[in-house]
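Residue numbers (our numbering), protein chains in the order written: chain A, 623 to 978; chain B, 623 to 978.
Each computed DSSO-like pair below joins lysine-lysine, with the alpha-carbon atoms no more than 27 Å apart: (1) B:Lys897 to A:Lys911; (2) A:Lys729 to A:Lys961; (3) B:Lys897 to A:Lys848; (4) B:Lys911 to A:Lys923; (5) B:Lys961 to B:Lys971; (6) B:Lys848 to A:Lys897; (7) A:Lys897 to A:Lys923; (8) B:Lys923 to A:Lys848; (9) B:Lys923 to B:Lys897; (10) B:Lys911 to A:Lys897; (11) A:Lys848 to A:Lys961; (12) A:Lys911 to B:Lys923; (13) B:Lys848 to B:Lys961; (14) A:Lys971 to A:Lys961; (15) B:Lys961 to B:Lys729; (16) A:Lys911 to B:Lys911; (17) B:Lys848 to B:Lys971; (18) A:Lys923 to B:Lys848; (19) A:Lys971 to A:Lys848.
A short, non-exhaustive set of chain A residues, derived as facing chain B with CB atoms under 7 Å: (20) Phe858; (21) Ala862; (22) Asp881; (23) Met883; (24) Leu894; (25) Leu908; (26) Ala920; (27) Asp921; (28) Lys923; (29) Glu927.
Please keep in mind that the hints were generated in silico from the structure rather than gathered at the bench. For clarity, every value in this text was computed on a predicted model and none was experimentally measured. Glycine included, every Cβ here is placed at the ideal spot set by N, Cα and C.
Number of protein chains: 2
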Amino acid sequence: MSISDGANYAPSAAAEHVVAPGEFRFAAAFLDHGHINGQVNGLLDAGGELVAVYDTDPSRLKAFCERFPTARVVEHFADILADDSIQLVAAAAIPNQRADIGVQVLKAGKDYFTDKSPFTTLEQLETVRQTVERTNRRYFVYYAERLHNEAAWRAGEITQSGEIGDVIQVLNIAPHRLSAATRPHWFFDKPSYGGILTDIGSHQVEQFLTYAGCLEASLTMARVRKHPEYPGLEDFGEMAMVGDNGASFYSRVDWFTPDGMPVWGDGRTFILGTKGSIEVRKYVDLARKAPASVILLADQKGVYELDCAGTVGFPFFGQLILDSLHGTDTAMTQAHIFKAAELSMAAQKMADEQHG
Amino acid sequence: MSISDGANYAPSAAAEHVVAPGEFRFAAAFLDHGHINGQVNGLLDAGGELVAVYDTDPSRLKAFCERFPTARVVEHFADILADDSIQLVAAAAIPNQRADIGVQVLKAGKDYFTDKSPFTTLEQLETVRQTVERTNRRYFVYYAERLHNEAAWRAGEITQSGEIGDVIQVLNIAPHRLSAATRPHWFFDKPSYGGILTDIGSHQVEQFLTYAGCLEASLTMARVRKHPEYPGLEDFGEMAMVGDNGASFYSRVDWFTPDGMPVWGDGRTFILGTKGSIEVRKYVDLARKAPASVILLADQKGVYELDCAGTVGFPFFGQLILDSLHGTDTAMTQAHIFKAAELSMAAQKMADEQHG
Chain A
623 MSISDGANYA
633 PSAAAEHVVA
643 PGEFRFAAAF
653 LDHGHINGQV
663 NGLLDAGGEL
673 VAVYDTDPSR
683 LKAFCERFPT
693 ARVVEHFADI
703 LADDSIQLVA
713 AAAIPNQRAD
723 IGVQVLKAGK
733 DYFTDKSPFT
743 TLEQLETVRQ
753 TVERTNRRYF
763 VYYAERLHNE
773 AAWRAGEITQ
783 SGEIGDVIQV
793 LNIAPHRLSA
803 ATRPHWFFDK
813 PSYGGILTDI
823 GSHQVEQFLT
833 YAGCLEASLT
843 MARVRKHPEY
853 PGLEDFGEMA
863 MVGDNGASFY
873 SRVDWFTPDG
883 MPVWGDGRTF
893 ILGTKGSIEV
903 RKYVDLARKA
913 PASVILLADQ
923 KGVYELDCAG
933 TVGFPFFGQL
943 ILDSLHGTDT
953 AMTQAHIFKA
963 AELSMAAQKM
973 ADEQHG
Chain B
623 MSISDGANYA
633 PSAAAEHVVA
643 PGEFRFAAAF
653 LDHGHINGQV
663 NGLLDAGGEL
673 VAVYDTDPSR
683 LKAFCERFPT
693 ARVVEHFADI
703 LADDSIQLVA
713 AAAIPNQRAD
723 IGVQVLKAGK
733 DYFTDKSPFT
743 TLEQLETVRQ
753 TVERTNRRYF
763 VYYAERLHNE
773 AAWRAGEITQ
783 SGEIGDVIQV
793 LNIAPHRLSA
803 ATRPHWFFDK
813 PSYGGILTDI
823 GSHQVEQFLT
833 YAGCLEASLT
843 MARVRKHPEY
853 PGLEDFGEMA
863 MVGDNGASFY
873 SRVDWFTPDG
883 MPVWGDGRTF
893 ILGTKGSIEV
903 RKYVDLARKA
913 PASVILLADQ
923 KGVYELDCAG
933 TVGFPFFGQL
943 ILDSLHGTDT
953 AMTQAHIFKA
963 AELSMAAQKM
973 ADEQHG
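Input sequences plus hints: build the corresponding full structure.
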């Protein structure tokens, strides 16, 4: 996996196949963001079968097919929608187009698995929410910073076990490498990506809701900063919330990873509990190991280092496949997915209004 | 030094004496908080001479004199105030009494060196500010989490050098061990200590102003949580600000250090700059080394681990002595000291008003 460039972060790990060959056929479409590779890896690792791909850009299609040779290129997106053998469509479109595409997929009777952020406006969310209800299909989201990170996933298992008591706070620091020269035009256009809190903020809110076990939260603060050279790009954002169970959440997101950092971002999560505390070093153990995926856990008895790289895997993808096939909610509920996006967009709105 | 109990944190390090013997005579008084030992250590290490001590508690006095045998016990605090050979009085009284005592010291023509927090109300600050102006004496504060920590001090030198560019954000995580059984009554009485943001929050604001180079800041959020068993004790607090230069500040303070943590708190500072980033692990390098005082610096070329323990020392105390003798502002200005306290009390007030 590429460790120096977040846009191409696409982990893969050997995993138990949750389905027999042919049981879960899926397609990929709209390859605008490199995250599509991680989405496809995850589904393939869990036993999914990639049967078709659609995109408007021939060079992206070519690279994708070299990487995933089982995918048959289709000429029109409608070809995928019309194929009854396809259970799910994975996509990483330009963010403000994700909801529209998703609605088409759901209406075609398939599940959708989009890169985050799943929406750029609260209106898109509302439309999708209604479509999910009407179609009874699923709108899954690739919140990769937890779902495709072994230490981050393990941290959720630990907090849910009650090992560190009640969660008092979740604090996320999420720096990302800018790599401006490699970014597409829409990366610098705020209406396209929705703002930094809507975009990379959505990961962080999703982690808060998971680790703290919250269904709802209230915003207490939100701010963004504009990049001095690219006014359409927000290069720093922060937000704070209080969950319905009293847990606090703070997160900083930014595009300031220094060039000398061996990974695209030194992402951290600090979880403070009444009986213990957790630090997640998601991608690097600074000055020690890169890449890395490590938990440092302190409880009433001692301090423990849990090296999660290669030991936890990515159970999300198998769960998603089974949820899609059986209508269960093991991977995550639609309510959780939508709440993470709703709160991050509400934070963005709060920050935008202060600017204006 | 005691590493498991914050109340007895009292570092000491061999240092160059900035004065000749007898040139800087000081007294200690009001030994309510164990920080007095750290304050005295710092001044002695830099060449100060401890000549007198006053306290109301015989057992504390006895322990103090065993530790610092040059101190002559005086019967009345007025004896210290009347001694013209004494340049400065170091004190760690119950927080809501610190300002009153300081005013007496300043009016007696001496400088004052109090443990933080220096005040518990904005009114006390205003009285002291006026007294400083009138007397032209100094009201110094022992913001130990930077001044008596080698990595935290070094971080200030690095940010001031411009090595990481402009500071975008300072983020402080400041857990502390509760050790409820060892705490005095006033620790559980909010009017006495002023609230968690006023108290241990003041350290954090002082660091923000220093690292980000701010003279002023605006509050964006403040919250506190009451301990369920001790309603007078706030066990969690958080606050956010924006500095006059646009730098962001967030800090969490709490009393949730788990028993298994080998030090009293895994205090961290993250400083995000436009050209690099710094992490300060102030007291422990989790699962690696305890105690520890380490900086992890990432810049445009690489990542560096700077082991600061035993290599930086505590230059603050020598600077304070020379500032006291010569009327200079090398250690820190009165404006900086007061602003850190003012902002932490303003945050406390904001949090209190939301509760009420």
